[in-house]
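Those protein sequence lines, which keep their order, are chains B and S.
When we follow full-length UniProt numbering, the leftmost residue of the first sequence carries the number 1, and every step to the right adds one.
When we follow full-length UniProt numbering, the leftmost residue of the second sequence carries the number 1, and every step to the right adds one.
These are calculated hints, taken from the structure and not from any lab test.
Since copy identity is lost for identical chains, a pair holds within one copy or between any two.
Once the Cα atoms are required to be at most 25 Å apart in a straight line, the calculated BS3-like pairs of lysine-lysine come out as: (1) Lys159 x Lys235; (2) Lys560 x Lys294; (3) Lys400 x Lys473; (4) Lys316 x Lys362.
There are 2 protein chains.
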Amino acid sequence: MRSPASNETTPLRVVPRPTRVTTGETVLRLSGDFSIDIDNSSSLKSSIPRDLEQAIHHTTATLHKNRHRYLSPQRGAEFLISGTQHTEIQKLILSLNGNGKPRSIAHDAVLPVEDRVAAERYELELATDGSAHIEADTSLGLYRGLTTFQQLFFYSGGKDGFQYTPHAPINIEDQPAFGWRAVLLDTSRNWFGEEALLKMLDTMALIKMNVFHWHITDSNSWPLGLDDFPELAGKGAYSPEEVYQQKQIQKIVLYANARGIDVVPEIDMPGHTAIIAESHPELIAGYQRTPFVKYAHQPPAGQLRFADDKVTEWTKGLLQSAVTVFSSPYFGTGGDELNTTCMMEDEETATTLKSKGWTLEKALDNFTEQTHAVVRANKKTPLVWQEMVLTHGDLPSVKKDTLVSIWIDSKDAAKVLAKGFRIVHAAADYFYLDQGQGGWLGEEGGGDSWQGPYKSWQKMYSFDPYKDVEEGKRKLVMGGQCSLWAEQTDETNLETVLWPRAAAVAELFWTGAGAEGYPRSSVEAFPRMHDVRFRMVDRGVRAIPLQPYWSALRPGTTNK
Amino acid sequence: MRSPASNETTPLRVVPRPTRVTTGETVLRLSGDFSIDIDNSSSLKSSIPRDLEQAIHHTTATLHKNRHRYLSPQRGAEFLISGTQHTEIQKLILSLNGNGKPRSIAHDAVLPVEDRVAAERYELELATDGSAHIEADTSLGLYRGLTTFQQLFFYSGGKDGFQYTPHAPINIEDQPAFGWRAVLLDTSRNWFGEEALLKMLDTMALIKMNVFHWHITDSNSWPLGLDDFPELAGKGAYSPEEVYQQKQIQKIVLYANARGIDVVPEIDMPGHTAIIAESHPELIAGYQRTPFVKYAHQPPAGQLRFADDKVTEWTKGLLQSAVTVFSSPYFGTGGDELNTTCMMEDEETATTLKSKGWTLEKALDNFTEQTHAVVRANKKTPLVWQEMVLTHGDLPSVKKDTLVSIWIDSKDAAKVLAKGFRIVHAAADYFYLDQGQGGWLGEEGGGDSWQGPYKSWQKMYSFDPYKDVEEGKRKLVMGGQCSLWAEQTDETNLETVLWPRAAAVAELFWTGAGAEGYPRSSVEAFPRMHDVRFRMVDRGVRAIPLQPYWSALRPGTTNK
Numbered sequence: 001m002r003s004p005a006s007n008e009t010t011p012l013r014v015v016p017r018p019t020r021v022t023t024g025e026t027v028l029r030l031s032g033d034f035s036i037d038i039d040n041s042s043s044l045k046s047s048i049p050r051d052l053e054q055a056i057h058h059t060t061a062t063l064h065k066n067r068h069r070y071l072s073p074q075r076g077a078e079f080l081i082s083g084t085q086h087t088e089i090q091k092l093i094l095s096l097n098g099n100g101k102p103r104s105i106a107h108d109a110v111l112p113v114e115d116r117v118a119a120e121r122y123e124l125e126l127a128t129d130g131s132a133h134i135e136a137d138t139s140l141g142l143y144r145g146l147t148t149f150q151q152l153f154f155y156s157g158g159k160d161g162f163q164y165t166p167h168a169p170i171n172i173e174d175q176p177a178f179g180w181r182a183v184l185l186d187t188s189r190n191w192f193g194e195e196a197l198l199k200m201l202d203t204m205a206l207i208k209m210n211v212f213h214w215h216i217t218d219s220n221s222w223p224l225g226l227d228d229f230p231e232l233a234g235k236g237a238y239s240p241e242e243v244y245q246q247k248q249i250q251k252i253v254l255y256a257n258a259r260g261i262d263v264v265p266e267i268d269m270p271g272h273t274a275i276i277a278e279s280h281p282e283l284i285a286g287y288q289r290t291p292f293v294k295y296a297h298q299p300p301a302g303q304l305r306f307a308d309d310k311v312t313e314w315t316k317g318l319l320q321s322a323v324t325v326f327s328s329p330y331f332g333t334g335g336d337e338l339n340t341t342c343m344m345e346d347e348e349t350a351t352t353l354k355s356k357g358w359t360l361e362k363a364l365d366n367f368t369e370q371t372h373a374v375v376r377a378n379k380k381t382p383l384v385w386q387e388m389v390l391t392h393g394d395l396p397s398v399k400k401d402t403l404v405s406i407w408i409d410s411k412d413a414a415k416v417l418a419k420g421f422r423i424v425h426a427a428a429d430y431f432y433l434d435q436g437q438g439g440w441l442g443e444e445g446g447g448d449s450w451q452g453p454y455k456s457w458q459k460m461y462s463f464d465p466y467k468d469v470e471e472g473k474r475k476l477v478m479g480g481q482c483s484l485w486a487e488q489t490d491e492t493n494l495e496t497v498l499w500p501r502a503a504a505v506a507e508l509f510w511t512g513a514g515a516e517g518y519p520r521s522s523v524e525a526f527p528r529m530h531d532v533r534f535r536m537v538d539r540g541v542r543a544i545p546l547q548p549y550w551s552a553l554r555p556g557t558t559n560k
Numbered sequence: 001m002r003s004p005a006s007n008e009t010t011p012l013r014v015v016p017r018p019t020r021v022t023t024g025e026t027v028l029r030l031s032g033d034f035s036i037d038i039d040n041s042s043s044l045k046s047s048i049p050r051d052l053e054q055a056i057h058h059t060t061a062t063l064h065k066n067r068h069r070y071l072s073p074q075r076g077a078e079f080l081i082s083g084t085q086h087t088e089i090q091k092l093i094l095s096l097n098g099n100g101k102p103r104s105i106a107h108d109a110v111l112p113v114e115d116r117v118a119a120e121r122y123e124l125e126l127a128t129d130g131s132a133h134i135e136a137d138t139s140l141g142l143y144r145g146l147t148t149f150q151q152l153f154f155y156s157g158g159k160d161g162f163q164y165t166p167h168a169p170i171n172i173e174d175q176p177a178f179g180w181r182a183v184l185l186d187t188s189r190n191w192f193g194e195e196a197l198l199k200m201l202d203t204m205a206l207i208k209m210n211v212f213h214w215h216i217t218d219s220n221s222w223p224l225g226l227d228d229f230p231e232l233a234g235k236g237a238y239s240p241e242e243v244y245q246q247k248q249i250q251k252i253v254l255y256a257n258a259r260g261i262d263v264v265p266e267i268d269m270p271g272h273t274a275i276i277a278e279s280h281p282e283l284i285a286g287y288q289r290t291p292f293v294k295y296a297h298q299p300p301a302g303q304l305r306f307a308d309d310k311v312t313e314w315t316k317g318l319l320q321s322a323v324t325v326f327s328s329p330y331f332g333t334g335g336d337e338l339n340t341t342c343m344m345e346d347e348e349t350a351t352t353l354k355s356k357g358w359t360l361e362k363a364l365d366n367f368t369e370q371t372h373a374v375v376r377a378n379k380k381t382p383l384v385w386q387e388m389v390l391t392h393g394d395l396p397s398v399k400k401d402t403l404v405s406i407w408i409d410s411k412d413a414a415k416v417l418a419k420g421f422r423i424v425h426a427a428a429d430y431f432y433l434d435q436g437q438g439g440w441l442g443e444e445g446g447g448d449s450w451q452g453p454y455k456s457w458q459k460m461y462s463f464d465p466y467k468d469v470e471e472g473k474r475k476l477v478m479g480g481q482c483s484l485w486a487e488q489t490d491e492t493n494l495e496t497v498l499w500p501r502a503a504a505v506a507e508l509f510w511t512g513a514g515a516e517g518y519p520r521s522s523v524e525a526f527p528r529m530h531d532v533r534f535r536m537v538d539r540g541v542r543a544i545p546l547q548p549y550w551s552a553l554r555p556g557t558t559n560k
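All chains, please: the whole structure from these sequences, using the hints.
This is the structure:
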């Protein structure tokens with residue numbers, strides 16, 4: 001057996017690292033007419049879901065197109081002794097367990113988060129005689145197996161280049177530890193076009209991420225083009241071209257679902273809504289009020305007048321219109337960074353509160369109750385930020401099935417869990433991709449970003465999802481995500497900010513503790529991170545280098 | 001007069017801000033058949049240098065292609081009242097002062113650094129009747145004026161889009177405060193292809209940077225393809241494709257010179273040379289010795305056996321071969337981070353020192369004396385890092401005309417100036433572009449980069465080149481540069497790491513203290529930085545956004 005480089009626990013360079021792996025050292029090559037087939041006895045044979053069929057075509061094409069070479073000083077030549085006849089892999093056979101009409105990948109991509117772990121399970125076998133097989137209970141599981149299969153192969157280079165794997169026989173049993181492995185992208189502060197989003201979804205799929213938390217609107221621009229509310233984007237988008245039209249969103253969602261990715265939209269409210277004032281000034285308190293630092297976390301100030309019944313009614317209509325555009329079982333209503341000064345100094349709000357005899361919290365509770373009712377009436381579960389549970393007292397409107405994202409500090413997870421809510425880890429001290437680009441508010445001399453330095457992939461990878469979480473509460477941890485708030489990011493640097501860092505988050509929440517426990521070792525993961533980075537580059541993604549190329553070729557030489 | 005937004009000192013959004021500017025508020029548009037001509041009385045009329053002629057063509061084409069719009073909520077529509085007939089600019093006339101055969105841009109790009117300031121001087125006039133004129137003493141000065149002229153214009157948008165300037169009449173008298181305004185790029189740790197370098201030079205020219213400090217070799221790879229030493233790149237480059245062949249280098253140098261940029265090469269020695277061992281193992285002490293942390297600042301360890309006469313002779317040959325490839329009056333020989341343990345534990349070096357009765361410092365002095373003699377014999381001045389003056393005692397070999405770059409700490413500038421050397425500011429605490437990407441040496445949990453957080457453009461801009469510099473020493477400050485060490489940078493993120501940050505450095509060292517004194521105000525500069533960033537993006541450069549687009553359109557709203 002070839003030993004893995006440095007302290008790798010597997011010589012496979014598959015990201016995320018599969019749960020259970022055995023490998024050998026036989027080199028197999030992919031036949032020039034390699035193809036992917038369905039097992040004759042499988043229910044897929046008679047009725048294959050369209051998205052799985054497309055995934056099969058895509059996998060075959062991707063394998064033949066691959067030009068990524070093994071990262072070692074000899075670029076893999078050590079496996080390819082001249083004159084050796086390597087056994088060829090002619091076919092990869094897919095089998096779906098069970099009977100009944102197979103469900104599509106897209107169908108299972110939007111299962112409730114707890115059901116995703118089982119649905120993503122697959123087994124992969126690659127024998128030394130070249131026979132190859134993936135088995136799963138779902139199309140989604142087969143899709144995950146196809147993704148792993150791609151990462152087993154390296155390009156030989158040379159004039160008759162071919163694809164080979166140096167690690168046969170390979171046996172993999174794999175499933176994620178967590179059902180929520182997400183990227184959040186904020187598309188309000190700066191604009192990202194459809195092409196950039198689709199490419200991001202492709203790269204997420206490569207590393208088996210399964211949730212795109214789409215923070216679609218905020219105070220800076222309103223790119224959400226809803227058929228029933230055209231004026232919102234009409235006056236609130238950066239330009240007529242910088243709008244996601246409703247049909248286009250549905251296309252993006254379908255594209256994501258077919259790759260096993262749930263698109264969870266978020267319309268953050270009642271804060272983070274200032275731009276609504278461009279089309280509906282009467283709905284917003286304190287629009288562009290200055291000094292902004294008193295009335296908002298960042299300019300422009302302005303929040304929904306959520307104490308006002310008319311505003312609540314309008315918001316319910318908006319939500320009813322938005323919710324149906326998305327296939328996700330979840331809908332994000334935000335709830336972070338509510339600025340109370342902005343509300344209390346708003347004359348109309350003050351008058352309303354007085355006439356109703358309400359506190360601001362009571363008004364928020366009423367607003368939440370009514371808006372969440374729209375989400376629930378559409379058979380969806382609300383997703384909120386931690387303040388909705390920790391900051392405004394115990395609001396009865398926030399029902400216990402609500403998903404709560406932790407963002408301010410990872411220590412806050414325990415507090416939310418103590419109240420019995422399910423959580424998603426997204427804390428700024430580990431998972432904020434936007435940090436470390438320098439302060440962006442104008443000031444003499446600048447400074448570091450507000451939440452401290454750049455979060456390296458190693459830092460993200462060192463996170464323990466169960467830190468301070470008692471045994472009985474662990475089942476409430478749904479998973480985690482890295483978040484890209486877009487103050488200093490647009491299409492020019494989306495990929496360099498996101499990749500390959502997010503792959504560390506993908507692996508952390510797919511693999512879980514593994515046999516080694518938490519924290520996972522970033523030193524052990526380094527060779528895989530290099531490999532997946534260069535695989536991304538081979539696919540045209542601007543994933544940044546993690547070390548000098550000299551070091552990338554020599555795992556284990558460049559540690560502290 | 002329209003007042004400039006926020007606290008801008010000029011409404012012009014030209015980067016670097018010109019030294020003396022007056023503006024008005026007449027809108028002029030560029031004629032559809034706008035052209036650039038030579039003044040009839042100018043010596044250029046009979047003999048125009050080829051590179052100036054090309055710059056004229058390029059400027060005309062760039063002006064017509066421009067799609068960059070004015071950054072304001074109305075995107076410049078406030079200047080373009082419908083139905084108004086804007087006077088057209090038909091021609092821009094260039095005049096070269098003096099008689100005699102005009103020199104090329106390239107000629108003056110490689111003047112001694114003290115002579116550059118006068119050579120880059122120009123005057124620009126744009127009258128309300130549409131007449132436009134640039135006057136200078138050199139082709140290089142005219143070139144700088146052409147660059148400014150481009151930045152005066154914005155695209156109108158609309159179906160019959162045109163270029164206009166809202167600020168006529170405009171009078172500019174401009175020249176740089178410092179003759180060294182550089183970007184350093186390390187092309188050894190990771191590879192950058194020719195196309196990426198040429199594009200970088202174009203962007204440098206846009207902001208009037210005038211030195212490309214090319215740290216071409218280091219310990220990780222040897223991409224320098226010299227006709228006389230083919231084995232160095234043959235065995236030391238990352239691949240046969242990742243080599244700058246000698247002819248290709250000359251093409252790159254010419255391309256730079258024609259844009260007013262001096263390419264100052266650097267072969268860092270005697271440290272930072274480990275990779276030479278791949279082709280000449282006998283020249284290198286301690287190649288790949290571990291633990292690297294004992295023998296080098298980063299892997300792989302290995303340094304020239306500089307005490308050895310044969311090594312010195314070989315190095316002289318190498319320098320003679322390399323020096324002639326470049327047109328610069330300067331040649332960098334490095335001299336930073338010499339690891340003494342690596343040398344003292346090298347048996348051959350120890351034996352040599354003993355037999356000669358030399359200390360390591362004496363050996364270094366001899367090596368420097370002899371290698372610098374080659375540089376000087378070719379009529380070039382050596383450029384070294386600060387350790388050559390501060391760390392090894394006063395080496396007589398380091399002559400007082402040597403240029404010394406400050407890198408470890410900006411406070412070290414005063415120490416080097418005290419010894420009477422000319423300096424270039426390149427200190428890590430202000431000007432290291434690579435910082436803030438997280439630690440890159442493998443370690444559990446990762447960490448921040450070695451020299452602290454990301455250096456924001458505001459931080460760079462806040463630098464005072466004369467801090468702690470007594471009046472009499474100021475003439476020894478040649479200028480400054482930002483440095484991009486490439487541990488975590490290659491072509492995927494070159495532009496996002498470099499742009500637009502380096503524009504702040506360009507402006508700082510072009511403008512000098514200005515009327516406002518040091519430190520320059522980054523708040524005042526913000527609107528220009530936004531503008532030049534979007535201008536870069538319009539030219540296909542992945543310069544990163546500095547704020548939400550909402551803020552970029554509204555200068556002054558988003559300050560602390």
